[in-house]
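Residue numbers (the working numbering), protein chains in the order written: chain A, 1 to 344; chain B, 1 to 541.
Don't take each hint at face value.
[Claimed, not checked] Covered stretches of chain A, going by a simulated chain B footprint (3 or more residues, C-beta under 8 Å): (1) 73-81; (2) 212-223; (3) 232-238; (4) 333-344.
[Said to hold, decoys possible] Subject to a maximum C-alpha distance of 20 Å in a straight line, what follows is the list of computed SDA-like cross-link-like pairs (lysine to any residue): (5) 399/B with 75/A; (6) 362/B with 490/B; (7) 229/A with 248/B; (8) 61/A with 490/B; (9) 358/B with 248/B; (10) 402/B with 184/A; (11) 160/B with 181/B.
For the record, the hints were derived by calculation from the structure and aren't laboratory data. From a predicted model like this one, the values you see are computed outputs, not experimental measurements. Backbone N, C-alpha and C fix where the C-beta goes; we use that ideal spot for every residue, glycine too.
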Amino acid sequence: MKKIFSFVLLVSIVTLLSGCALGSSSSDHVITIYSDRHYDTDQAIYDTFEAETGIAVNVVKASADELINRLQTEGEDTEADLLMIADAGRLHKAKEAGLFQAVSSDTLVTNIPDNYRDSDNLWFGLTKRARVLVYHPDRVSVSELSTYEDLADPKWEGRIVVRSSANIYNQSLVASLIELNGEEPVETWISHLTSNFARDPEGNDRDQAKAVMAGEADIAIMNTYYMGKMANSADSYEVDVANDLAIFFPNQDTTGTHINVSGAGVTAYSDNVEDAIALIEYLSGEAAQFEFANANYEYPVNPAVEPSELLQSWGSFTEQQISLTQLGLHSNAAAIIMDEQGWK
Amino acid sequence: MKKWSAKFSIFTALTLITTVLVLLPFSNLFFNLFNKANDVWIHIRTFLLFDYIKNTVLLLVLTGIFSGLIGFFSAYVVTFYEFKYKKLLSWLLILPLALPSYIAAFIYADMFSYTGSFARLLRAVGIHHNFDMMSLLGAAVIFSFTLYPYVYMLVKAGLKKHNQTLTDSAKLLKASPFKRFRTLTLPLSRPALIGGILLVLLETLNDYGVVRYFGVRVFSYAIFDAWFRLGDLSSAIRLSAIVVIFVFIIVIIEKAFRGKKSYNILKGHKPLRLKHPTKTGRIIIYFFLISILLIGFFIPTIEMIFNLFTINFTLFSVDLIYTILNTLIISITATLIIIVIALAIANFGRFAKSKLAKGIVKLTTLGYSIPGAVIAVSVLLFFTKVDGFLYPLYELFDKDTKTLVLTTSLVMLTFAYVLRFLTIGFNTIDASYEKIGTTYTEASYTLQKSKLKTLFLVDIPLIKSGLIAAFIIVFIDIVKELPLTLILRPSNYNTLATTVFIYARDEMIQEASAPALILIIITVIPIYILTHQKRGKNHVR
Numbered sequence: 001m002k003k004i005f006s007f008v009l010l011v012s013i014v015t016l017l018s019g020c021a022l023g024s025s026s027s028d029h030v031i032t033i034y035s036d037r038h039y040d041t042d043q044a045i046y047d048t049f050e051a052e053t054g055i056a057v058n059v060v061k062a063s064a065d066e067l068i069n070r071l072q073t074e075g076e077d078t079e080a081d082l083l084m085i086a087d088a089g090r091l092h093k094a095k096e097a098g099l100f101q102a103v104s105s106d107t108l109v110t111n112i113p114d115n116y117r118d119s120d121n122l123w124f125g126l127t128k129r130a131r132v133l134v135y136h137p138d139r140v141s142v143s144e145l146s147t148y149e150d151l152a153d154p155k156w157e158g159r160i161v162v163r164s165s166a167n168i169y170n171q172s173l174v175a176s177l178i179e180l181n182g183e184e185p186v187e188t189w190i191s192h193l194t195s196n197f198a199r200d201p202e203g204n205d206r207d208q209a210k211a212v213m214a215g216e217a218d219i220a221i222m223n224t225y226y227m228g229k230m231a232n233s234a235d236s237y238e239v240d241v242a243n244d245l246a247i248f249f250p251n252q253d254t255t256g257t258h259i260n261v262s263g264a265g266v267t268a269y270s271d272n273v274e275d276a277i278a279l280i281e282y283l284s285g286e287a288a289q290f291e292f293a294n295a296n297y298e299y300p301v302n303p304a305v306e307p308s309e310l311l312q313s314w315g316s317f318t319e320q321q322i323s324l325t326q327l328g329l330h331s332n333a334a335a336i337i338m339d340e341q342g343w344k
Numbered sequence: 001m002k003k004w005s006a007k008f009s010i011f012t013a014l015t016l017i018t019t020v021l022v023l024l025p026f027s028n029l030f031f032n033l034f035n036k037a038n039d040v041w042i043h044i045r046t047f048l049l050f051d052y053i054k055n056t057v058l059l060l061v062l063t064g065i066f067s068g069l070i071g072f073f074s075a076y077v078v079t080f081y082e083f084k085y086k087k088l089l090s091w092l093l094i095l096p097l098a099l100p101s102y103i104a105a106f107i108y109a110d111m112f113s114y115t116g117s118f119a120r121l122l123r124a125v126g127i128h129h130n131f132d133m134m135s136l137l138g139a140a141v142i143f144s145f146t147l148y149p150y151v152y153m154l155v156k157a158g159l160k161k162h163n164q165t166l167t168d169s170a171k172l173l174k175a176s177p178f179k180r181f182r183t184l185t186l187p188l189s190r191p192a193l194i195g196g197i198l199l200v201l202l203e204t205l206n207d208y209g210v211v212r213y214f215g216v217r218v219f220s221y222a223i224f225d226a227w228f229r230l231g232d233l234s235s236a237i238r239l240s241a242i243v244v245i246f247v248f249i250i251v252i253i254e255k256a257f258r259g260k261k262s263y264n265i266l267k268g269h270k271p272l273r274l275k276h277p278t279k280t281g282r283i284i285i286y287f288f289l290i291s292i293l294l295i296g297f298f299i300p301t302i303e304m305i306f307n308l309f310t311i312n313f314t315l316f317s318v319d320l321i322y323t324i325l326n327t328l329i330i331s332i333t334a335t336l337i338i339i340v341i342a343l344a345i346a347n348f349g350r351f352a353k354s355k356l357a358k359g360i361v362k363l364t365t366l367g368y369s370i371p372g373a374v375i376a377v378s379v380l381l382f383f384t385k386v387d388g389f390l391y392p393l394y395e396l397f398d399k400d401t402k403t404l405v406l407t408t409s410l411v412m413l414t415f416a417y418v419l420r421f422l423t424i425g426f427n428t429i430d431a432s433y434e435k436i437g438t439t440y441t442e443a444s445y446t447l448q449k450s451k452l453k454t455l456f457l458v459d460i461p462l463i464k465s466g467l468i469a470a471f472i473i474v475f476i477d478i479v480k481e482l483p484l485t486l487i488l489r490p491s492n493y494n495t496l497a498t499t500v501f502i503y504a505r506d507e508m509i510q511e512a513s514a515p516a517l518i519l520i521i522i523t524v525i526p527i528y529i530l531t532h533q534k535r536g537k538n539h540v541r
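Using the sequences provided together with the hints, build the complete structure.
Put into structure tokens, the structure is as follows:
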């Protein structure tokens, strides 16, 4: 008993002091990527990348805010060569915090349309998601739907659900509308929108669709990505939800549907810049973009790659034509207006 | 006797070192308060703070009432009534302690959502009503059903001391059953009831998993929201300070409610005469106890087992095995450190007579009342400073060393665990010491045995069962711990708790089930051992 005890103690102390988590890999030619994406698809793409280039990819996963915070704390000490996170607003936050370095790459310029890249080439969008309206066809006819702005109309009283203002995708949607319409109109819009909410915001994107299905509301503002997830869920009841509800792309005749990206940038203190750029270039290339599109229900940023069949079945649409850098510039204003106007 | 306590011993040294280490991180917090208010703080104060306070108070009040009712009446029933399977039920009632509140929250939110099993069941029988689980009320219900065992255990231990003679006298005086309950049972168990509710409330304030998932804007949510979303650490610190004030208010209220009256309970009392309920009474008792158990433990557990079958999930992947090892190793290590320090402090405290020494003991063990979010903020700030301070030392070993050696290692997380859970280890060990008194130890000192020798040859054998209990209780708490682990862990270091939380956050409840079930198994086993070890009459805790 004593022996076992002292063995456990010894092992514990050694692990504790070395500070290394069990299971991390080590190789000579390796880059470290801080990622808030937790998809098997991503790992498969990294594996192919390693097979083709010999550069191993070590992924550190945590939520985007944690990763940004960690990079800030670590400063020059960081092992990270790349930061890859969802949402342009957050990418901008990382840029403002000085976490990225500028990259000049012709490949990236060719592969990624300029509004999905940072204006100073600090970060690059890699996959797109549209924030759309999901509605129940029995209770809403397409002719009633038009724009985000129209959701402030009294006819929608008690019929709209959306998740909380703490959610970054909502912040970015609001930021895009500030860019297009200006702060004051957006304030008025939110104050009317919140009075049309069917309930206080709660839950995640899927919960919004389920609330529409349950009859709590008629329209949910949510990401296309989660409709794809539900349509392919292991849970057959979720598949039913995705099939029974319909997707509407708002603002088709005006400013276009709101688009957000997952993107990546090379960290300011990377000691392996070349390999890091090679990975971003690879991720923006056709092979990786095809994988993103087909396995993960995201829209590719590379115009040469078609969206998946499921995504195409929702129809093609006009996208918001603003530079995503603007989302970051307005994101604080958006957060403040949402709190002020009572979007919980 | 003065001679021993006055002498500077290893116990004194360890106690003083711990005191300094506990106080430093919090002092950091305190000094940051005096910085000028920035825009983010003004924004929070204007638009959000009122909501945070309102929600926190409401959540605490509701959880306090619900958990108090459930815990008190379940303890009352198993103490005063005789019925079949009582023994089994009275230990099963502790089981919800093995189920972390956040896991219960994920599972219930899923079951009550439109596609969840409970909602489908309701629709199948024609009820088209949505129960809104992800709300403040839902959170209060979850906390009450998973945390009531604190009340249950304390009240049960209190009621056991009940004297049949008192009840008999009251009966002779023709007191009605209700009056006997109101004037006898309730006052006698009030300290235990209030003490239990205090523990529940501290756990509720500490929680981050449930409130984050449900989007209930209470303080631990607010602290992380200010820190991460609004990117302002100084606002997070201000919010933390307010939480600490909250905690003090709760502790003061507890002291007030507990009352100064002490009841002398006659020694050598008659054993309690148990009541035999009528048939209806039995049905009500079974219905009551079994409902608590189903809601607090079995329904979520069974749902998770079903989840395992709906997805093709390999129960034991390599990652999961590493996660289990991580969990066990860090929990055992931190627990051992806590036990050693707690032993030293208990030894220091039991011979100390001065107010200062008693104050030191109190200060050192205040961690449990401080919510994890606050400890996380303080410890992170503290360690980045320590690393900056130690940097020249690191350079001696390695010229290209990074600065944040400790901050990026498990030392920081272990430190935070010790800070938070030292209280629990200390209280359990201190209680055992109180039972044996100081005579044996003093006798050993008189025989010129050293302090350490006395500790190993005299004290430890005497309080062995107390030590085991302390080990188990602290171990369970660390295995379940979420907020500290989530924030302070090194890159890619996962415990079962963080794995479950991350799956749930990524909307993969089914995948969260395997690690969650393993976590529950790891906590159920020690609870079983703890409640079934032979310790005279005291079976539970």
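Original post:
For the pair supplied as a hint, residue 358/B and residue 248/B, is the alpha-carbon distance within the 20 Å limit?
Top reply: 18 Å, holds
**OP:** Quickly compare the C-alpha distance for residue 402/B and residue 184/A to 20 Å and report which way the hint goes.
**Re:** 48 Å, violated
Subject >> Three-residue Cβ test at 8 Å for the coverage of the segment 232-238 of chain A by chain B >> reply: That given contact holds, which follows from 4 residues of the segment 232-238 of chain A lying within Cβ reach (below 8 Å) of chain B.
Original post:
Within a Cα-Cα threshold of 20 Å, do residue 229/A and residue 248/B meet the stated pairing?
Top reply: Roughly 46 Å separates the two Cα atoms, so the pair is violated.
Original post:
According to a criterion of three or more residues whose C-beta lies within less than 8 Å of a C-beta of chain B, is the segment 333-344 of chain A covered?
Top reply: holds (count 5)
Original post:
Is residue 362/B close enough to residue 490/B, meaning Cα to Cα at most 20 Å?
Top reply: 31 Å, violated
Original post:
Holds or violated: residue 160/B with residue 181/B, Cα cutoff 20 Å?
Top reply: Roughly 15 Å separates the two Cα atoms, so the pair holds.
Original post:
Given the hinted pair residue 61/A and residue 490/B, is their alpha-carbon gap at most 20 Å?
Top reply: 11 Å, holds
Original post:
Taking a Cβ-to-Cβ distance below 8 Å as contact, does the segment 73-81 of chain A have at least three residues touching chain B?
Top reply: Check passed, 6 qualifying residues.
**OP:** Three residues minimum, CB to CB under 8 Å: does the segment 212-223 of chain A make the cut for coverage by chain B? Let me know.
**Re:** holds (count 4)
Original post:
Are the Cα atoms of residue 399/B and residue 75/A separated by 20 Å or less?
Top reply: 18 Å, holds
Hints 6, 7, 10, counting from the list given before, are not met by this structure.
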